[in-house]
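Visitor: Here is what each chain is made of, one letter per residue.
There are 2 protein chains.
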Amino acid sequence: MKPITLKDIALELNISVTTASKALQGRSDVSNATREAVIKLAEKLNYVPNSVAVNLRTRQTKTIGVIIPTIVHQFFSKVIDGIIEEAEKQGYFVITLQSNENFEFEKKQLQLLMQKRVDGILISLSNQTQQCKHLNEILQKNIPIVIFDKINKLVNCSKVSIDDQMAAYNSVSYLIKKGYKRIAHFRGSLMPQNSIDRFLGYKKALIDHGIEFDSSLVYLCDNNDDFNDGYINAQKLLKDQNNVDAIFAITDLIAVGILKCFNENGVKIPEDIAVFGFSDWFMSSVVTPTLSSVVQPGFEMGRKSTEILIEEIKNLNTNTPYAFQNIVLPTSLVIREST
Amino acid sequence: MKPITLKDIALELNISVTTASKALQGRSDVSNATREAVIKLAEKLNYVPNSVAVNLRTRQTKTIGVIIPTIVHQFFSKVIDGIIEEAEKQGYFVITLQSNENFEFEKKQLQLLMQKRVDGILISLSNQTQQCKHLNEILQKNIPIVIFDKINKLVNCSKVSIDDQMAAYNSVSYLIKKGYKRIAHFRGSLMPQNSIDRFLGYKKALIDHGIEFDSSLVYLCDNNDDFNDGYINAQKLLKDQNNVDAIFAITDLIAVGILKCFNENGVKIPEDIAVFGFSDWFMSSVVTPTLSSVVQPGFEMGRKSTEILIEEIKNLNTNTPYAFQNIVLPTSLVIREST
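Chains as they are written, first to last, in my numbering: chain A, 1 to 339; chain B, 1 to 339.
Not one of these hints is a red herring.
If chains are identical, the list can't say which one is meant, so a pair holds when it fits in one copy or spans any two.
Listed next, the in silico DMTMM-like pairs over lysine to aspartate or glutamate satisfying Cα-Cα at most 20 Å (straight line):
no., residue 1, residue 2
1, K181, E271
2, K40, E137
3, K108, D81
4, K89, E307
5, K107, E88
6, K108, E85
7, K44, E137
8, K108, E88
9, K22, E12
10, K178, E212
11, K44, D8
12, K178, E271
13, K141, D8
14, K40, D29
15, K133, E104
16, K108, E43
17, K89, E311
18, K204, D245
These aren't lab readings, by the way, just hints derived from the structure by calculation.
Let the sequences and hints guide you as you build the complete structure.
Guide: Okay, structure coming up:
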């Protein structure tokens, strides 16, 4: 069964498609009798307006595309939650794609979204993404892009992020004020900006508090979100016997890997070594000991990015000039048993 | 800047739109010279085919809609991961909406997807959804629907689920074989089928092993996925002093709430009371003690549902008759410290 169209309704009532359309829009240049007849028949036939046809007329799809590294991830699922809520409020649909932290895949996904004629794109860059030609090409076509969380400062578009450096600085400063002196950092992979910024925040906090930076206390985790990377590096740290009394970890998943290793090896947390995470995943409030962490506003990041994107889409459609926004959302620390 | 259209290319080369279109499709009824000129210009202008226009011609949008209760949920995010992967492989886009476990909202989301003219719909029902008129109306319009995970047996369409009753039966039977005799059940809300089935599996396992069912050992959690519901009911259970030696919980989140309460109150797990969860979330492998659970194949459930849906869409388009499928995916138990 083909879907009921406006034409079917017009034919049945022996009126023009234009009249049927006007009647459904409640326009006054249609008689009451006709209007009522059209509405009654539309209800009876369960008529649904074809948004594809409407979109072709207006050159809008009322759809925005989202590319995230991965969806099985508490932070990104919260972001998507915020995106969907804001988009819905404004009558937009959301198509979600994943880059799997792979640059080539990210480019492919962008092309797919362009084919789908989305009105705008939200993206959090993959860890592999260094240059941004693929984004600039789309921006040149006047398709708005908002980059969130994992941003690249060199792309000329709106951005929504947190101040990773400041959040790391605050976490490490907290540890120093609690009396910890030899603080290790389990850093993330070398490329993404948030990995770099959290490392710089760690380093700056040490220096500002008169503690010498010691590169031998920086452990490299290849995957920021791999529990096992935390576990394995914690084993290394114990072998190194470098008198570390606290660790600032790039993510909660890395931190929870550290907790597991320490629990298994009888290292008391925080008495022997304190552990600080980043992102405040739910699990961090239920592990033993519960984990101190940085609260990252995922839902709000998704909501705000979408608000800005739709604003830009509307401005473009009405030829209203606008400036790109650079929003930095506030973070806070949640202190628990691990420190 | 408006996107480049086929018309722009045709104008520039002084050929018809039809010829330009044929050239891009590589058809042989266009001269080599023209074909090459069109392809070269299309590349130069960065032309992207407008899938909206293509869709209007074919009456297909190559888009499927998904409605899940919530995305900030490890199981459902894994399902979405499987859906996106399979859809992409077959050239379909995925629009994701959330029902927030609310029936009225679920109906509204279905209407939105219909307006968007999606080719098919994947849905996991909200806990409130009892009758399925809203689904039957869509099926009558020949839009395929596949229901997954939280299904309703009365809807005449394909379904992908696990055997919740069997999985619960296996978990409780395992506890009984380990020597536990007074096994409580922290059940979920009354409505959804999976909540009912897990309760029935629990009851059947007791009876089959000659243990009398005692309704006073069944604790009702209003929200299947609320950690606090597990925590509060565990407090109640301790007050009840009913000599329970094991608990089978409807979900891992409920079970982790129990662990927290027991850890705080010095109840030894599993020596005093063993705890068994359901769904095997990542956190269950890192809490103390680690939690035994039922492994639920989220990714495969999403993948399989999508495969069936696209098969049905294709069959409909070619008027090929097909039968609805009822897939029950296998589960397994993962045994950890808590039992």
